[in-house]
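One letter stands for each residue in the lines below.
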Amino acid sequence: MIVNNLENSDAALIDRLRNNQLDALGELFDRYYAQIFRTALAITHDNQVAEDITQDCFLRLHRYAYRIDTSLPLAPWLYRVTVNLSYTWISRHKKRNVSLEAVVDYLMSPARYAPDKMAESAGLQQEVREAIRALSFNQRVVVVLHYLNGLSLEDIAETLDCPVGTIKSRLYYARENLRYKLGNVYGEPQIAHGFTR
Amino acid sequence: MLMDLRDNQLDELIAYTLDMESTVTPAQKRLAWEKLQSRASQQVILAPYGIAPEPCRRERTGLQWGLLKLLANIRSFLMDETRFHRAAETREALYTLKLNRTFMGSEQAMMSFFPTAYIHLSMA
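Listed in order, the protein sequences are those of chains P and F.
Residue numbering for the first sequence follows the numbering used here, beginning at 1 and increasing consecutively.
Residue numbering for the second sequence follows the numbering used here, beginning at 1 and increasing consecutively.
These aren't lab readings, by the way, just hints derived from the structure by calculation.
Among the hints, a few may not be true.
From the structure, some residues in chain P lie toward chain F, with a derived Cβ separation under 10 Å [as the list claims (entries may be wrong)]:
1. L17
2. L25
3. F37
4. A50
5. P73
6. A174
Computed from a predicted structure; not experimentally measured.
Beta carbons: idealized from backbone N, C-alpha and C, even for Gly.
In isolation and in its complexed conformation, chain P is listed as follows:
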C-alpha cells in the first residue's frame, strides 16, 4: 500500500510512533491489520494463532519503531515479521501438523467421490485449502504472498530476502503440487514434465 500524503505516510506515522503516540499506531493498524491477519491465517490456518501473530507483529512495530528504516516501504517489513512469527509457531507445533500423505489419503477416501460433494463449492474450496495447507512452509508462504497479497516475485524475494529464482522455483513447485493433488482428487493427476516430487 503506497501512501502519498506526506503527513499520513508510513514514515511520518512511524516518526510519531517513536514519540510513543499510540494514535499513529492506530492508523498503521487500520491500514495493515487486515492484510497481516489474513496472511497469518493463510499460513497457520488457525484463527487464534493468526490473531496472536498479528498482535505480536504490531507490538514489534511499536517496540522497534526506532530501528525501522523509514526510507523503505513498511509493508515488506510487516510481511517479513508475520512470516517469521508464523514460521516460529509452525516449527513449535510441527507434530500437530497434518502430513502431506495424510491429507492425500483423506482426500482419496471413497466418500469424497460422491457427486454431491464434488458439486459443493464450499467443498471444493475446502479441498484447495487442505491442499495449500499440505504444502511445505516455504511454498505456502510464497503462494500466500503471491495470490493473497498480490506481491510480485521480486517483492516476495525482497520480503523474504531470497533470490528471485528461488521464489520462482518455490512458486512453480507449489503450483505443480496443488495441480497434482487436486487432479488426484477429482481426476487423473496432471504431472508436469520434469516434475519429480
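Position chain F relative to chain P; hints supplied.
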C-alpha cells in the same frame, strides 16, 4: 471438475480460495485494536541502534585524580618498555664495542652492565 486444470484456472482457484478463507469484521478489528492498545501502552520502545546508554561515572576529587596519576606513572615506569626500546635503538651505535680476547675479563662486567641484545662483540 478439475480434470484439466489450466494455469489460469488454477491461479484463479488458489486466489479465490485464499481470498474467501478469511474475512475481517469491524468488531474483530475493534477488539484487536483495544487489546493491542493496552499491551502497547505497557511496552517500552527500544532505543535506536548505535546510541549507547550513558555510562555511569563517579565524580572524583582532586586527591583521587592525583593518586590515580601517580599510580599510572609508576605503572608506566615499571611495565612500559617502549621508551627503553626506543632509546636503545638510537643508542646502539654508541655501544658497538670492539673487544679483543685480552678484554675478556671485563666482558662479563660489560655484559651485566649493558643489555646484551644491543652490544655487538666482535671477537677479533
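*asked:* Of all the hints numbered above, which does this structure not satisfy? Sort the numbers upward.
replied: The structure conflicts with hint 5 only, although it agrees with all the remaining ones.
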